[in-house]
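Residues per chain are reported as follows:
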Amino acid sequence: MPVFFVFLVAPIAVAVALFRRNPRRFLDGPTEDAPLRLLRWAIGLLSPQRAEWGQAMLGELAYLDGRWRRVRFAIGCAGAALVMPPWGRAAVGLWALTGITAASVAVYAVLTVQYRLGVGGWFGVGGWIALAVVLLICVGCLLGASALLRRPGIALPGLVGGLFATLVGLVLSGFTAVDQVTYISTGWHRGVLVLAVPAAIGAAGTLWRRDPAAGRRVARLAALSAGLLQLLYATVAVAVLGGGGPPDADGGFTVRGTVSDRLGNNVVHLAVTTLLIALVGWAAAALTGYLVRRKSAPAADPVGEV
Amino acid sequence: MQRNRPPSPQTVNVLRALAADPARWRYGYDLGAEVNLKSGSLYPILVRLADRGLLETAWEPSAGSRPPRHLYRLTGDGRDFVAALTAARSDRSVTHPRRRLSEA
Chain A
1 MPVFFVFLVA
11 PIAVAVALFR
21 RNPRRFLDGP
31 TEDAPLRLLR
41 WAIGLLSPQR
51 AEWGQAMLGE
61 LAYLDGRWRR
71 VRFAIGCAGA
81 ALVMPPWGRA
91 AVGLWALTGI
101 TAASVAVYAV
111 LTVQYRLGVG
121 GWFGVGGWIA
131 LAVVLLICVG
141 CLLGASALLR
151 RPGIALPGLV
161 GGLFATLVGL
171 VLSGFTAVDQ
181 VTYISTGWHR
191 GVLVLAVPAA
201 IGAAGTLWRR
211 DPAAGRRVAR
221 LAALSAGLLQ
231 LLYATVAVAV
241 LGGGGPPDAD
251 GGFTVRGTVS
261 DRLGNNVVHL
271 AVTTLLIALV
281 GWAAAALTGY
291 LVRRKSAPAA
301 DPVGEV
Chain B
1 MQRNRPPSPQ
11 TVNVLRALAA
21 DPARWRYGYD
31 LGAEVNLKSG
41 SLYPILVRLA
51 DRGLLETAWE
61 PSAGSRPPRH
71 LYRLTGDGRD
81 FVAALTAARS
91 DRSVTHPRRR
101 LSEA
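So the sequence lines, in the order shown, correspond to chains A and B.
Using my numbering, you'd call the opening residue of the first sequence number 1 and step up by one each time.
Using my numbering, you'd call the opening residue of the second sequence number 1 and step up by one each time.
No lab work stands behind these hints: they were computed from the structure.
Since this is a predicted model, take the numbers as computed values, not measurements.
Any given hint could be a false lead.
[To be verified] Only pairs whose alpha carbons sit at most 20 Å apart, straight line, appear in this in silico SDA-like list of lysine to any residue:
{"#": "1", "chain 1": "B", "residue 1": "K38", "chain 2": "A", "residue 2": "R69"}
{"#": "2", "chain 1": "A", "residue 1": "K295", "chain 2": "A", "residue 2": "A213"}
{"#": "3", "chain 1": "B", "residue 1": "K38", "chain 2": "A", "residue 2": "V83"}
{"#": "4", "chain 1": "B", "residue 1": "K38", "chain 2": "A", "residue 2": "P246"}
{"#": "5", "chain 1": "B", "residue 1": "K38", "chain 2": "B", "residue 2": "R26"}
{"#": "6", "chain 1": "B", "residue 1": "K38", "chain 2": "B", "residue 2": "A84"}
{"#": "7", "chain 1": "B", "residue 1": "K38", "chain 2": "A", "residue 2": "A213"}
[What the hints assert, rightly or not] Take a look, some chain B residues computed to stay more than 10 Å from chain A by CB distance:
{"#": "8", "residue": "D21"}
{"#": "9", "residue": "A23"}
{"#": "10", "residue": "G53"}
{"#": "11", "residue": "P68"}
{"#": "12", "residue": "G76"}
{"#": "13", "residue": "D77"}
{"#": "14", "residue": "A84"}
{"#": "15", "residue": "L85"}
{"#": "16", "residue": "R89"}
The beta-carbon is built from N, C-alpha and C at its ideal position, and this holds for glycine as well.
The shape of chain A in the complex, shown without the other chains (with noise of 0.2 Å):
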């Protein structure tokens, strides 16, 4: 239940959060077309050696005039972009969750297929339905990690704190399939998962950049990140057991029943990780910069005054 209720108020805080951060662009919308915006997305993926093209891309757009001549474009050089070596660490990162990304995909339709999970439930195609879920979830997931991994010294944190999460996880469930589909922390496991992985991801970040919105940006590219390593690595776990191990309390009493069930908790479960170690994540990085800055403050006032 309480799960549910961070569901429910998730999408809520981000509005909160959109609209206090600039009020006239949450009203209003985006102040730039769309192929200005694409090509700025991209061009921050570029390294800092190719920067300077990317401001080339850019002064060339602003000469441009007609929607689709931007269009294509802008589309040619973002494809430009994430392509042209060298790779900067936000295109490596991005990449690299893409591949993670469309491997838990692929993995997931070939055991709809396999299991003819696409034929069952509502009106038929309950599993395809399923299947467009996960994969909005999953493009949700990368380009909320995209926004991050563009911002300067925010990828190589991000991501090592996303790998430490899901050892980490592993290491308390177990590596093998079987421990993969009946694992349920309890005990010092949840604390651990739940509160000790995310603050020390949020308080390292902050310390490593000295920067509570860094931390914070940190802390949420780690939840992204270890969100899409899970559910890869927990894919697969089904599809290595299929409808075999140990039988599921509430799967159903088929072979079908029991790999969709197993499916369906590995996605329930990208999106608790995601949003725990986001949001524990987010107020350790806010508690340490409060602290470094309270315990710092006194050296930047020498006469002791304030």
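Knowing the structure of chain A, use the given hints to seat chain B on it.
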């Protein structure tokens, strides 16, 4: 490690377009339109040419609220490279006249 692969036909087209009037600075979009290349193909070619020292780049001062625009032209090495390329092609066409016929 620097690779010395022969330039692609698209790169050759860009080089020839630039060599047609080597003193003139060119805009990226106009160059792409002239050689019929999309921006996604043109910019990687320009980047590679600049990395190899064959292309000179400069910024045109911005006009009004618009950002500055990037300009391109061949360097001295670039002109030599195009001349060598043209000579090599004409040599090859003399050595393999059949190929020239098939290209025609």
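Hints and how they fare:
no.	hint	in the structure
1	K38(B) - R69(A)	holds, 11 Å
2	K295(A) - A213(A)	holds, 18 Å
3	K38(B) - V83(A)	holds, 15 Å
4	K38(B) - P246(A)	violated, 56 Å
5	K38(B) - R26(B)	holds, 16 Å
6	K38(B) - A84(B)	violated, 27 Å
7	K38(B) - A213(A)	violated, 39 Å
8	D21	holds, 20 Å
9	A23	holds, 21 Å
10	G53	holds, 15 Å
11	P68	violated, 6 Å
12	G76	holds, 22 Å
13	D77	holds, 20 Å
14	A84	holds, 26 Å
15	L85	holds, 24 Å
16	R89	holds, 28 Å
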